[in-house]
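Visitor: Okay, here's what each chain looks like letter by letter:
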Amino acid sequence: MALQSGADQPGADESRADEASPDVVLEARGITKRFPGVLANDTVDFALRRGQVHCLLGENGAGKSTLMNVVFGLYQPDAGELLVRGEPVRFRSSADAIAAGIGMVHQHFQLVPVMAVWENVVLGDELTRGPLLDRGAARARIAELSERYSLAIDPDAVVGELSVGAQQRVELLKALFRDADILILDEPTAVLTPQEVDGFFEIVRSLLDRGISVVFITHKLREVLAVADEVTVLRGGKAVGRADPRTATQGSLATLMVGRDVSFEVDKAPAEPGAVVLRVVDLTVADDRGVPTVSGLELQVRAGEIFGVAGVEGNGQRELVEAITGIRPSVSGSVAIGGTDVTGWNPRRIADLGVGHVPEDRSKDGLVGPFSLADNLVLNRYHRAEFSRRFVVRRDAVRRNAERLVADFDVRTTGVDVPAGTLSGGNQQKLVIARELSADLSLLIVAQPTRGLDVGSIEFIHRQIVARRDEGVAVLLVSAELDEVLSLADRVGVLYRGRFAEVLDREEATRRRCGMLMGGADQHAEEVA
Amino acid sequence: MSEPGRRDPPGRGLASRLIETYFRAAPVTVPIYAVLTAAAVGSLVILAVGSNPVDAYGALLSGAAGSPGAIAGTLARSTPYIIAALAVAFGFKAGLFNIGAEGQLLMGALAAAWVGSSPALAGLPAVAYLPLVLMAGAAGGLLWGGIPGVLKARTGAHEVIVTIMLNAIALGAVAWVVTSPDPVLLLDTTASVPHSRPMAASARLPELIAGSGLHLGFVVALALCAVVWFVLERTTLGFEIRTSGVSPNAARYAGMSVPRIIILVLAAAGALAGIGGAGEVSGGPNGYLTPGLLRNIGFDSIAIALLARANPFAIIPAALLWGGLLSGAPLMQLRADLSLDLVLIIQALIILFVAADAIVRFLFRVRRPKRDDELGEQAIFAKGWGV
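Chains as they are written, first to last, in numbering that gives the first Met the number 0: chain A, 0 to 528; chain W, 0 to 386.
Be aware that one or more of the hints could be misleading.
Listed below are several chain A residues computed to face chain W (Cβ distance under 7 angstroms; list not exhaustive) [unchecked claim]:
{"id": "1", "residue": "Leu132"}
{"id": "2", "residue": "Leu150"}
{"id": "3", "residue": "Ile326"}
{"id": "4", "residue": "Pro346"}
{"id": "5", "residue": "Arg347"}
{"id": "6", "residue": "Ala350"}
{"id": "7", "residue": "Pro358"}
{"id": "8", "residue": "Lys363"}
{"id": "9", "residue": "Asp364"}
{"id": "10", "residue": "Pro369"}
{"id": "11", "residue": "Leu378"}
{"id": "12", "residue": "Asn379"}
{"id": "13", "residue": "Tyr381"}
{"id": "14", "residue": "His382"}
{"id": "15", "residue": "Ser387"}
{"id": "16", "residue": "Val392"}
Simulated from the structure, these hints should not be mistaken for lab results. The C-beta atom is built at its ideal place from N, Cα and C for all residues, glycine as well.
Chain W on its own, in the form it takes in the complex:
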C-alpha cells in the first residue's frame, strides 16, 4: 500500500505520499507531540488544583518569551543545558550512556573558578584570560569524562555505574574545595554564605545585552553544536564514532579501534560539559562557585538529549524549551497561583512521553518503523543502557 508507485492513480499517489511523509517525519514530530501531550496532561493537573490552564500557560509563555528581557532570560537559562546535553548526545552517538554530565560540569566549573580567581593570574587581559578559563573548564571535564572512558575501554566497567559514582565524588569534592574553612582552598573567607573566591573581572564572560544575564557562553554553546555536528557528520572520526555506536562488531571488522573511540568520546563529552560548567561560573551573575550552582543541570541534560534524539542542532530548541519552562515558571506562580513544581511535573511528563513513545505514536497515529534499520540512531538509546 505504501509503495510510492507510479502505477497508483494520481490522486491516491499524492495521498499516500503525504502519509509517507507524515510517517517519515516521525523523528521530528514525535517529540513535538510528546511536548503537546505533556502540556495537555499538565492542564488536567492544573484543573485538578483549581486553576485555569489557559491563564497558567499564558503566564508561563509570557514569563518565558513575553518580552525581550524574558527571552534573554530564557536564552541565558538554556545555555548550560545546551552544552551539557551536547555532552550526553555525543556519548549516545558512540553507543555510550554518559550519565556523568553533572559531575563533568562541576569539575569544569571548579577548574574554571580556580583558574579565574587565581592571584597569580590577576591582571591578565580578557583576550587571554577568557580562553584560559574555558580551557581550564574543558580540562576539568575531560578528566572526569576520561576516567570512565579509560575504565570502560580497559576493564569493561560500565560507564553508567562509573559516571554515577564520579558524580557523587564531584559533588563532594566541589563542596569541600569551595566551602572548607580549614584548610582554605577556594573559600572566600569574607563571605557570609560560603562560596568560592570571586573571579577576576577579566575572567568573566561578558554579557551580550547589558543587564540581561545573557552572556557570551550562549554563543559558545551554539558554536559547539555546529562543531559537534561537523565532527560527527563530516569527519573520519565521526564516521568511526557513529559506526561503533551502531555496530561495534562492524567497527572492529572495519579496523576501527573501539576502545580508543570509547576513551575519546567520553573524554570529549566531559570536556564539553566542563566548558558548560566554566561558562556558568564565569558568565553567571555572581562570578563565583557555590556547591549548588549547577544542581541537576547535568541530569536534565540527559532528558534534553533524548528529546533531541541526540541531534546536535535539535538540542538547541529542546534546551530552549527547558530553559523557557524554568524561566517562565515564576510568573506562572505569581499570576496563576501555582507551585513552581508544576513546571517540573510538565518536564517529567515530556520525558515520560518521549521515552514511552508508543503512547504518543498511538495517540497521533504515527506508525512505528517496520525494520530496526529504519530506526537508525534511535536504536542507540536502547544500547547505551545495556550490554
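Bound conformation, chain A alone:
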C-alpha cells in the first residue's frame, strides 16, 4: 500500500481545502494508521461540522479510538491529512492539537484525585502572577465556565470525592479552560448511570448552542440516535458507512456496525447436547472496584455444546469467567459443575473437577514468561501424581509431557526449555490451549481464544475447541468477536450489563439481532425495524 504524500505537499492541500464546505471545522482525509500486524485505520475520511455532534460508531477494535488519537496528535498517521477549519495541520503531539482548539476527554479520566478541581483544571497550563500561581483568577475563570455551560462544579471540591459523572465534567472543564471548540469524547457514557447519561446529553446540547463541535465515540446505538447530527460507522479500521440519524434505526445501524459477511466458517456437525454440566444461578459478581458487573446472571451449559457469550467488553465477561473458575469470589448466587455446588471453592479444587480455563490475558494469567515451555505446560498440574512424587517434581515426566504437547498442538519452538515469553503470540496461545485442552475435561472455559492471532492459528484453535465439544465436553466460549461466537457457538447468550439480554439458538442468532442486543437495543425495536 503506497503512502499518500499529500500531507507533505502544501500546494495540494490548499486546492483541496477550497473544496471543503465552509462550516466543516475538522476533517480527516484518507487517514491510515498501522500497528505491528494490524491496520487500525484504513484510508478513513471523516468530517465534523460546526455546532454539531458527529458520532463515530463501531465495535471494539473497529478503529474509533485510533482515529481520534490521530486527530488529537497522540499518534502520527502513516498516510492521510488533517484539516482544522480548512487549514491543513500536522500535530506532533497533543499540545499542538490543544493549541489548535481541540480537546479530548478520554474514556479513562486523567485526573489527580487528591487535588482540587481548580488545580486539576489548570494543571499544565497554570495561570501565574510572577512566580506564583494565580489562584484567584483560575478559580474565577473555572467558576465562570462552570456557570456558562451548566456544569455545576465547585472549583474547590477535591476530585477524588466527586461522583464519576462530576469527574467527567471536570474533564470537560479542562478542555474548555484551554479554549477548545472541538471536543472529542471517547465513550463518555461507558462509566455513567442512565440518569447521568441524560444529564450528560443536556450538557452536550448546551455546548453545541455555544458553537462547540463534538465528536462522540460510542458503540451504543440508542445514544447515537439520541444525540447525533451525523454518524460515521467504522468496521475493521474502515469507514463503512454514513447514516442520517433522523432516518436511521437501531437495526440499520447495527447492520452497518457488525457487517454482513461471516469471515470464519468452521466445519462442525450439529451439537448433540447431553446433561447440564455448568449451572449458574442468580450470580452476582463485583469487579475490582467493588461495582457489581455481573448481576443476577443465569446460565446453563450442556455436555457436548458450545455456549457462546457475545457482548461488548466490560459487560461482565471477565468477572463471570473468574467467578466460575474460582479466581474471583462471587457476591451472591451459585455455581454448580457436574451437579456439585462449587460456589466459594478455590481455583485448584475447581480445576481438579475437570475444568479447563483458557484465560483472556494469556501473557498475564495463562503463562509465566520467563519459565520454560515445559514448566508452563504443567503450570496448574505440577502437583498431580503424574508430575510429582512426594513434593519433588518429576522432571522427566514434565519434559515428556511438554514434548508430546508441543508436537500435538503444533507449537513452533526450538525446544521445550526455551522461555515461553520468547514465543510469538500465536504459539503462546497454542501453549495455553495445549495445556488446558489436553486435560481430562468435563467443562472447558475459553475467553478471547484467538485475540491478536493470525488466521492459521485461529483455524487451528477453533478446530481444537470443536473437537473437545464433539468428545462431550461442555464449552463456554467468551469472545468480543461476534464472528467468532457465531461461527463456533451452538447457543449464543448476549451479555449486556452483567446479564444475558437474551439467549438465542444459533439459528435465531443473526448478526443484526446480536449486534442490537450488544448495543442495548430492546427486541421490540428490532421487530419494528
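Fit chain W to the supplied structure of chain A, relying on the hints for placement.
Guide: Below, chain W alone, put in the same frame as chain A:
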C-alpha cells in the same frame, strides 16, 4: 545478525556464537565486572589519599587469603553472611523484599543464647544440645519472619515497612534482654561489660580447625545453600514460590495460594536467618550474646543476595568476597596505612555497580536483554520494592 544461523559462513558463525555466549553469560559476568569496576574506582580513592593501590590490594588479599589461617578467618567471617543472604534471596524468589534479616538474625541469636545457657538444660550432650540450639535459633527467626508474612498475606501490609520496624524492635528487645540488670533476664551478672550468660560447652558449635575460629556453622551454611536450591528448583513448593514471584496473577490462575506462599516464604526466610544468628552465638569466639554481635550482617546480606542475583549457590562466592574484604582489611590498614573504612567504600561501590548495572554493561559492552522475559529472575528484584 545474532540469529545463530546455519547459513552463516563458518567463520562468522563461530564469532557470532562467541558473542552470543558472552551476552548470555551476563548474569554471571556483570557482577564480576561490577566487583572489578569497584576495585578500580577504589584504587583512585587510594591514590587520592596518597597510598599505592597495588600495595593496598596486595595486603588486602594476603590478609584475606594469604595463609591457611587467613583463609579460615575469611570462611569464618563469611558464615553468617551466607545464611542471612540465603534468607534474603529466598524472599526475592517469591517476589518479596525481606529487609528484616537483621532482626531475624538477632531473634535467632537471642533464642539460641537463651536455650544454650539455660540452667535447666545444663549437662545435655552436644549431640542433643547443638540441634536444640540451632532449632531454637530457627524458631526465633521464624517468629520474626512469620509476623510480616502473616501481616502481608492477611492485610496487605508491605513487608519492607514491617520488617524495618521489626528490626528496630529486635534490636531494642535484644539489648534489653541481654543487658537489663533489673530484672536480670539473660545478663551475666559477673561480667564487667554487659553480655548474656555464657553458653554451655556442649551447646557450642565445635571449631573445624582448632584455634582458627572456623566452626561447624560454615558447613551448616553450605548445606543450607544446597537445601534451598533443591527446594526452589526441584520441588512443587519451589515451583509455586517461583511462579508467584514472577507472576502472582498466573499463580492465582493456576490454583496456587499466594497468601500461603507469602507466609511460608517469609517464615522460612526468618528461620534461615535465625539459624545464622544461632550459629554466630554458639560458634563465635565468645560463646555469649552482646547487643552489637551481629551488627549490619542482615543489611549487608541484602547486598550479597543482590550480588548473587538470588542464586543460592552464587551466594557462597559473594559472601566469601564480603567476608574476605572484612577479614583482610586490618592487614591493609597496617601495611598500606589506610583506614578500615576503605573496605566499606569498596563494598558500597560494588553494590552501586551491581544496582546500576547499566554502567557496567556500558563499560564492558554487555548488551541488555531485548525482552523482559529473558531477564528472568532479575526482574524480581524490581518487583520486591514496589506494588
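Visitor: All hints, please: hold or fail.
Guide: These are the hints, each one checked on the structure:
no.: 1; hint: Leu132; in the structure: violated, 31 angstroms
no.: 2; hint: Leu150; in the structure: violated, 37 angstroms
no.: 3; hint: Ile326; in the structure: holds, 6 angstroms
no.: 4; hint: Pro346; in the structure: holds, 4 angstroms
no.: 5; hint: Arg347; in the structure: holds, 3 angstroms
no.: 6; hint: Ala350; in the structure: holds, 5 angstroms
no.: 7; hint: Pro358; in the structure: holds, 6 angstroms
no.: 8; hint: Lys363; in the structure: holds, 5 angstroms
no.: 9; hint: Asp364; in the structure: holds, 4 angstroms
no.: 10; hint: Pro369; in the structure: holds, 4 angstroms
no.: 11; hint: Leu378; in the structure: holds, 5 angstroms
no.: 12; hint: Asn379; in the structure: holds, 4 angstroms
no.: 13; hint: Tyr381; in the structure: holds, 5 angstroms
no.: 14; hint: His382; in the structure: holds, 5 angstroms
no.: 15; hint: Ser387; in the structure: holds, 5 angstroms
no.: 16; hint: Val392; in the structure: holds, 6 angstroms
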